[in-house]
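Q: From first to last, the protein sequence lines are chains X and E.
Counting in full-length UniProt numbering, the first sequence runs from 1 upward without gaps.
Counting in full-length UniProt numbering, the second sequence runs from 1 upward without gaps.
Keep in mind the hints are simulated off the structure, nothing from the lab.
Some clues are possibly wrong.
Said to hold, decoys possible - Listed next, the in silico SDA-like pairs over lysine to any residue satisfying Cα-Cα at most 25 Å (straight line):
no. : chain 1 : residue 1 : chain 2 : residue 2
1   : E       : Lys376    : X       : Phe129
2   : E       : Lys387    : X       : Leu253
3   : E       : Lys270    : X       : Gly138
4   : E       : Lys387    : E       : Glu361
5   : E       : Lys376    : X       : Val133
6   : E       : Lys279    : E       : Arg267
7   : E       : Lys79     : E       : Asp513
8   : E       : Lys275    : X       : Pro241
9   : E       : Lys387    : X       : Ser29
10  : E       : Lys319    : E       : Ala413
11  : E       : Lys275    : X       : Val132
12  : E       : Lys387    : X       : Ala128
13  : E       : Lys376    : X       : Val132
14  : E       : Lys319    : X       : Gly134
15  : E       : Lys416    : X       : Ser136
16  : E       : Lys376    : X       : Gly36
17  : E       : Lys275    : X       : Arg238
18  : E       : Lys416    : X       : Gly36
19  : E       : Lys387    : X       : Leu67
20  : E       : Lys376    : X       : Thr239
21  : E       : Lys487    : E       : Phe76
22  : E       : Lys416    : X       : Ala79
23  : E       : Lys113    : E       : Thr100
24  : E       : Lys354    : E       : Lys275
25  : E       : Lys319    : X       : Phe50
26  : E       : Lys387    : X       : Gly36
27  : E       : Lys217    : E       : Lys354
28  : E       : Lys102    : E       : His294
29  : E       : Lys186    : E       : Arg296
30  : E       : Lys270    : X       : Thr239
31  : E       : Lys376    : X       : Ala79
32  : E       : Lys416    : X       : Gly138
33  : E       : Lys34     : E       : Asp513
34  : E       : Lys387    : X       : Ala25
35  : E       : Lys319    : X       : Gly138
36  : E       : Lys387    : X       : Gly43
37  : E       : Lys416    : E       : Ser57
38  : E       : Lys376    : X       : Ser136
39  : E       : Lys376    : X       : Gly134
40  : E       : Lys319    : X       : Pro49
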Amino acid sequence: MSPLRRFLRKPEAVAGAILLAALVAMALSAPMLFPGDPQAIAGPALLPPFQDWSLPLGTDRLGRDVLAELFYGARTSLAVGLAAAAAALAIGSVVGTLAGFAGGLVDEVLMRITDAFQTVPGFLLALAFVSVVGPSLGIVVIAIALGTWTGPARVARAEVLSIRERDYVAGARVIGMHPLAIAFREVLPNALPPVLAMSSVIVAAAILTEAALSFLGLGDPNRATWGGMIAEGRAVLRTAPFLSIVPGIALVLTVLGVYLAGEGIVETTAVRRGLS
Amino acid sequence: MSGFTISRRQMLASSALLLASTAMPTFGWAQTPKKGGRLVLAADSEPRNLNPAIVASNGVFFISSKIVETLAEASFDGKDGLAPRLALSWEGAADGLSATFKLRDGVKWHDGKPFTSADVAFSALQVWKPLQNLGRTVFKDLAAVDTPDDLTAVFKFAKPTPFQLIRNALPALSSVVPKHIYEVGKIEDNPANNAPIGTGPFKFGEYKAGQYYRLTKNTDYWGKDEPYLDEIIYQVLPDRTSAASALEAEEIQLAAFSAVPLADLDRISKVPGLKVISKGYEGLTYQLVVEINHRRKELADLKVRQAIAHAIDKDFVVKTVFLGYAATATGPVPKNDPQFYTADVPTYAFDVAKANALLDEAGYRRGADGNRFSLKLLPAPYFNETKQFGDYLRQALAAIGIDAQLVNNDSAAHIKAVYTDHAFDLAVGPPVFRGDPAISTTILVQSGIPDGVPFSNQGGYKNDALDALIAKASETLDTAARTDLYKEFQKQVAADLPLINVAEWSFISVARDTVGNIANNPRWAVSNWADTYLAG
């Protein structure tokens, strides 16, 4: 049975994939459906949803189109989630590979640094970093990656420790390959699958962290973000609850979608690896 | 997820920094004040130093004005807009070198000692002039205070000082503290700063951090039959959304300083038994101002500043950001000021086409992406409204081809970025007008102010004519001539736009309709509440 068929036989994985596909479609179609600035003032303030079909989800306190902000918010969430996860995986696997492959003092130093980062809660680290450096999209990505690279580093190191004893690594040494070349050409690619398996959780966590930072006013203020929308709606929670509920639902569905689809992929591939 | 718990808590904490609160709605109701009762109200900040003679700010006054009294209080109908408190009368000498205060007889401190002119002399010379945030400017030329008898204090000035300024400063700057308590040790470290002793209608009871402040009735108060209330409890409710629910649940009877968000007022005004009151803050007017960094070459050009002024739809700002609870501004003195305001200044109607034309004229043409140039815009984080106006201003500037990038900071970082590092192009600020332009308004445009002074001209603006005008007004003794100079000041500021005044707003109180004598003076929330009562 092909991995795809196995994936398709898991209803929760398919549901996740559909949610994720919807999110990607939203993110990609935003500039086409809503050309111009999503934060532009589009109509009267605090228009409730389903009143005016040119503004289907209504408007916020300044009269900005909630639907347009929601679509552009999907872009921000997805961009931050993917970029932060990619950065965390890249840093983590490089650090883990170096530590595992070099061993000795290098291993000790790198792993103690990893320990140091792990002892600080990731969200707190992100919060501190953004408040010191100042909020912008790139900084938010770095801040989230700072708190999440340690997991991949540990997994990569564990994997490398077993791989470096394999025969093909010994063979590479014998033919005189540079140790760094062995580490990154021979060992790392084989250590990656279990590391990549963590990606769905990291992306989901990164999206949530970004939303939480934006909620606290530490997101990029020049972009529409779901966390920022929820925070802004909070002041009018009693009179216009939809302003917080709509982006809140989007956030829940996205995190759920990423997680379910990711789990589905991991399980499918795990079965394959187990069989092979 | 643990991250989420932290974020919510942080949010609650940060929202707590914003406003304060109390108020009440029964006004002009022909009821006989009833004695007794406990007034519970919302407090959103917990000042550590409660000494109003050192920290003259609304957050401190809100609590300590009931305990420590000033020489005079603002009044709607009193002469010169004042009502006597510890002073019965006041008079400035024609040469501007002295001012005489006749003090109230038979006033006792909360510890039983008599109040005398020595207390006034001590407060003025040892506290207001050297230590108080606002007094440092207003009383800078105060050389001595003579006390010919226990009930007379004569302020002597080294340089002629306009009596109009001293008079206008009385309600906020003249809190009298007891000499016998403060003359021992360092004034800043005195324990009475945290448990104030005054002459006011209420005594300091206790403070439980994070829970409440309790004030109790001063049975020895000088006012006949006053105070009416037995106790005032300031319930600490840092979360702005909780004040409205607490009012509805009858846990509190009053929420002042807009503790109830503007967006909730419409709903809450329909709740039976609750009243929304926008009076009682006339003496505490906040101004919504666009601060400009004149070091930026584009912004040093008057045409660009005029274009920005034309790009702002002030009516939209009042209607949408302030939901109508504000007024549009014409210049640096708010419309509700009875002494100085003039409408006879250059105005800038909302006109995007004209703004675009002005920018073209100034030589800043739109590039291929439709933008003329980029700016950094820093909205002050203290109020929801300043932040929202920042969002609006970004859109208003986009319409005239100026790409404004918002930079959000917390309070400390914002003050450092704008007033010390000058790391801004435009900033949104909420300065306060305190009844006289010389107290905290001229400093916003005057040159030569050292770096790091908050709420002052840190935009590098220098206009010799305006500086000369400010200097002249500060030494003009004749009230009418001085007032005219400040009218001219408003004209020049509106013409040259060192900053752009957008709107003026104050606070809203929400109260149970059992609370009586609410909003009966222009600084009601920060006055002594001797006549406030609870009916029924």
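Q: Of all the hints numbered above, which does this structure not satisfy? Sort the numbers upward.
A: 2, 3, 4, 7, 9, 10, 11, 14, 18, 20, 22, 24, 27, 28, 29, 34 and 35
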